[in-house]
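Participant: So you can see what is in the structure, the chains are spelled out below.
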Amino acid sequence: MPDVIIEQQPSPISKQQILDAAVLSNVIELTVSVVKGFADKDTAGAISNEGMTRQVLSNIVASRIKETITA
Amino acid sequence: MLNDVSVQLGINLSNILADRKKSINTVNGSLLSELTNAVGNKLVFSNDPSAPVLDINNNIVGASTGSAIDGKYISSDHDIVMDNYINELTTLVSNHVSYARSVVYSKMETYLEEIKAALTNYTLKAAEDFFCVNYYKLPDICKSDLVQSEVVPFYGHNIEMESITFGDIIGMDFDIVSYILTGDEDTDTMIKSWVAETGKDTILHYVTSKSRNEVVYLNTVDQINYNLANFLFFRSLAIKQDITFGLGTVALISTSTNNRDYFAAQLAANISFYESCIRNGVLLSTDSSVKFSYLSTKDFPIVVYEEVFNQAVEKGFSIEHIFGYIAKTNRSDLTLDILDAQGETFINAWNNVKSLYALHINNNRIDIAKLTIKMLLPSVLDKDLTEDEIKFYEENQGFKEKTIELANGYIDTLDNSDLDDLVIVVMNIIAKIAYRQTSAYDIIKEMHEIMVGDTNVDAKQAALLSTIKYVTDFCMSQLEVVDKTYI
Numbered sequence: 000m001p002d003v004i005i006e007q008q009p010s011p012i013s014k015q016q017i018l019d020a021a022v023l024s025n026v027i028e029l030t031v032s033v034v035k036g037f038a039d040k041d042t043a044g045a046i047s048n049e050g051m052t053r054q055v056l057s058n059i060v061a062s063r064i065k066e067t068i069t070a
Numbered sequence: 000m001l002n003d004v005s006v007q008l009g010i011n012l013s014n015i016l017a018d019r020k021k022s023i024n025t026v027n028g029s030l031l032s033e034l035t036n037a038v039g040n041k042l043v044f045s046n047d048p049s050a051p052v053l054d055i056n057n058n059i060v061g062a063s064t065g066s067a068i069d070g071k072y073i074s075s076d077h078d079i080v081m082d083n084y085i086n087e088l089t090t091l092v093s094n095h096v097s098y099a100r101s102v103v104y105s106k107m108e109t110y111l112e113e114i115k116a117a118l119t120n121y122t123l124k125a126a127e128d129f130f131c132v133n134y135y136k137l138p139d140i141c142k143s144d145l146v147q148s149e150v151v152p153f154y155g156h157n158i159e160m161e162s163i164t165f166g167d168i169i170g171m172d173f174d175i176v177s178y179i180l181t182g183d184e185d186t187d188t189m190i191k192s193w194v195a196e197t198g199k200d201t202i203l204h205y206v207t208s209k210s211r212n213e214v215v216y217l218n219t220v221d222q223i224n225y226n227l228a229n230f231l232f233f234r235s236l237a238i239k240q241d242i243t244f245g246l247g248t249v250a251l252i253s254t255s256t257n258n259r260d261y262f263a264a265q266l267a268a269n270i271s272f273y274e275s276c277i278r279n280g281v282l283l284s285t286d287s288s289v290k291f292s293y294l295s296t297k298d299f300p301i302v303v304y305e306e307v308f309n310q311a312v313e314k315g316f317s318i319e320h321i322f323g324y325i326a327k328t329n330r331s332d333l334t335l336d337i338l339d340a341q342g343e344t345f346i347n348a349w350n351n352v353k354s355l356y357a358l359h360i361n362n363n364r365i366d367i368a369k370l371t372i373k374m375l376l377p378s379v380l381d382k383d384l385t386e387d388e389i390k391f392y393e394e395n396q397g398f399k400e401k402t403i404e405l406a407n408g409y410i411d412t413l414d415n416s417d418l419d420d421l422v423i424v425v426m427n428i429i430a431k432i433a434y435r436q437t438s439a440y441d442i443i444k445e446m447h448e449i450m451v452g453d454t455n456v457d458a459k460q461a462a463l464l465s466t467i468k469y470v471t472d473f474c475m476s477q478l479e480v481v482d483k484t485y486i
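Protein chains in written order, with numbering that gives the first Met the number 0: chain A, 0 to 70; chain B, 0 to 486.
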C-alpha cells in the first residue's frame, strides 16, 4: 500500500515547496487521469474490480514518485 | 483543476523533498513545464471551496481562493492544458500498452513456446544410453536335433565354399522361409522363431548377397545367423534341386551339398566358440565396441552373453558393472571371475564416468540452448508481422540485422542458471532488444515483476499497476531532483 498519507499541512511552507508541490500535484493529477481514462477494457475492469478509486490511484502514483525522488 | 487529493499528496511529497534539502526543476519545454506554468499565480485547484489550496503568491496552504463565479466553475488555462494532455496521453499510453501486450508479448509467447519445444525434443542421452546392449543367447534351432546331427559333426572340417552366381534368380520376393523349412514340425517351429527374431529380409540377404565374401566383417551374432541361413538354404537346395543356377544336376548336387557342409562346419565352429565362452563365464563378445568415451558422438554396440549375464545378476552384479569394466579398460575380455574379484572397482569407475559425463552434458546443455535460441530468432522476428512492423522495417533498413547482432551478443552471455527462467531471456531478447524502439520492455518487465512478486495479482491488475508506473515514470522523466537552498 502507498505510504504517503494525506494530511492537512499545519504550517506555512516555503514558496519553493509550493512550486514543487504544484509540479508533483500535476504529475499525480495527470497520471491518475490518464490511467482512469485508459481505454484498455481489461485494465479498466481491473480498476472497477479492485476498487481503484481516484484516491487509491493517487496514492499509488505518489508512492512511485516518492520512490523516484528519494532514490 | 487539480484535485484536492493530488494537491495534498503533492504537498506531502514536497515536504519530503524539503526534508532532504532537495527541490525539483522541470525540463524546459516539457509537458510538465507547460502544465506547471499554466498553474499561474492564483489558479484554483478545486471547485470545492473547502478543498486545500496552494497559492503561490501568498505562500498559504489551507485557504480557499475560490474560483467559482455565481456557482459556475470557470475553466482556467491550466484546465485546458491538462485536459488536452490527458486526452493525448491516454491515447498514447493506450496504444503503447496495447502494442506491448498484443504484439510484443504475443511474439514473446511464440518464441518461448518454440524454444521450449525445441529443447524438449532435444533430449540429452544418459551415459548408459551410449551402449546399445544386445543380450544374446544362441537360438534354439542351434541346439536342435537337426543342428546336433547335421552341423556339429562338421566341427573342424576344412571345406572350401564353391561360389554360385545367384544373379537375379532369387529376388526379394523369394519365399526364403518356406524354402528352408525341413518338414519336421518341431524343427520348423524353431526355424520360424529364429526367422522372426532375425528378420526374413536379413536372412534372404545373407543367402543371396555377396556378403559371404565379407563374412570376416560380421560380428559374432551375425556370423551365426549368416552361417545358419546358408546352411539351411543349401541343405534344402541339395534336397530339392529346384534352383539350378545354370548348373547341371550333378554339379548342382555337388555344389549344394559341398556348400551345405561348408556352412555346417562354419556354424559348428561358431557354436563351439559360443559354448566355450559360456563355459568360461565370458560376458562380452570379442567384437563388442569397447573403445568407450563419453565424449564420443557415436554409440557403442555390445553383445552380452545372456546366459552368463544371468549368472552375474544372481551374484548381485548389474549391467553397470559391465559398463564400468569397459569404461575402465576398453577391453571386452570380462569374465565372471574378473567381475567377482573387482566388481566394486568397476561400479566405482562407472559412477565416476557418470559424474564426469554429467558435467560434460551440463556444458552441452547451455551450448545447445544458446544455439537453439539463436537459430529460432530470425523466423520468430518475421512471423505474423503487423503492417506497422513491415513499414518500420522497410523504413529502417538494417534494424533487424542489428537486432540479431544484439540478441546474439546477449545470448552469448547466458549461463545455465539463466535457462531456469526462459521468460526473462525471451523478454530481454524480444521486448528489450527486438522492440527497443518502443516502450514495450518497460511495460512488460514491470508486469512480469508484479506477477512474480505477488502470485495473487492477475494479468489485468499487473497491466494496470504497470501502466501507472509507466505513466508516472514518463512524467517524472520531465523533471530533475536537485539540491536546493531554501529561502
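These are calculated hints, taken from the structure and not from any lab test. A couple of the hints might just be wrong.
[What the hints assert, rightly or not] Derived lysine-lysine pairs resembling DSS-like cross-links, with alpha carbons at most 25 Å apart:
1) B:Lys444 <-> A:Lys35
2) B:Lys399 <-> B:Lys115
3) B:Lys459 <-> A:Lys35
4) A:Lys65 <-> B:Lys21
5) A:Lys14 <-> B:Lys399
6) A:Lys65 <-> B:Lys483
7) B:Lys459 <-> A:Lys14
8) B:Lys444 <-> A:Lys65
9) B:Lys191 <-> B:Lys142
10) A:Lys14 <-> B:Lys20
11) B:Lys191 <-> A:Lys65
[Unchecked claim] Which chain B residues face chain A? A few, computed with CB under 7 Å, are given here:
12) Asn2
13) Leu8
14) Val26
15) Val38
16) Ser75
17) Val481
Ideal placement from N, C-alpha and C gives every residue a C-beta, glycine not left out.
Participant: The structure should be examined with respect to each hint, and the outcome stated for every one.
Facilitator: Going through the hints against the structure:
1. Between Lys444 of chain B and Lys35 of chain A the alpha-carbon distance is near 22 Å, which keeps this suggested pair within the 25 Å criterion.
2. Distance check on the hinted pair: Lys399 of chain B and Lys115 of chain B sit about 23 Å apart at the alpha-carbon level, within 25 Å; holds.
3. Under the criterion of a C-alpha separation no larger than 25 Å, the hint pairing Lys459 of chain B with Lys35 of chain A is consistent with the structure, at around 14 Å.
4. For the suggested pair Lys65 of chain A and Lys21 of chain B, the alpha carbons sit about 13 Å apart, so the restraint of at most 25 Å is met.
5. With a C-alpha separation of about 51 Å, the suggested pair Lys14 of chain A and Lys399 of chain B falls outside the 25 Å cut-off, and the hint is violated.
6. A threshold of 25 Å between alpha carbons decides the hint, and for Lys65 of chain A with Lys483 of chain B the separation of about 17 Å falls inside it, so the pair holds.
7. For the suggested pair Lys459 of chain B and Lys14 of chain A, the alpha carbons sit about 41 Å apart, so the restraint of at most 25 Å is broken.
8. About 21 Å separates the Cα atoms of Lys444 of chain B and Lys65 of chain A, which keeps this hinted pair within 25 Å; it holds.
9. The straight-line distance between the Cα atoms of Lys191 of chain B and Lys142 of chain B is roughly 14 Å, inside the 25 Å bound, and the hint therefore holds.
10. Taking the CA atoms of Lys14 of chain A and Lys20 of chain B, the gap is about 14 Å. The hint holds against a cut of 25 Å.
11. With a C-alpha separation of about 86 Å, the suggested pair Lys191 of chain B and Lys65 of chain A falls outside the 25 Å cut-off, and the hint is violated.
12. Contact between Asn2 of chain B and chain A, as hinted, is supported at the beta carbon level, the nearest pair being about 6 Å apart and thus within 7 Å.
13. For Leu8 of chain B, the suggested interface contact is upheld, since its CB lies about 4 Å from the closest CB of chain A, less than 7 Å.
14. Against a cut-off of 7 Å between C-beta atoms, the interface hint on Val26 of chain B is violated, since the closest Cβ of chain A lies about 11 Å away.
15. A hinted interface residue such as Val38 of chain B counts as satisfied when its beta carbon comes closer than 7 Å to some beta carbon of chain A; here the least separation is about 5 Å, so the hint holds.
16. Because the closest C-beta pair between Ser75 of chain B and chain A is about 13 Å apart, greater than 7 Å, the hint is violated.
17. For Val481 of chain B, the shortest C-beta to C-beta distance to chain A is roughly 11 Å, which exceeds 7 Å, and the interface hint is violated.
In terms of the numbered hints stated before, the structure departs from hints 5, 7, 11, 14, 16 and 17, listed from lowest to highest.
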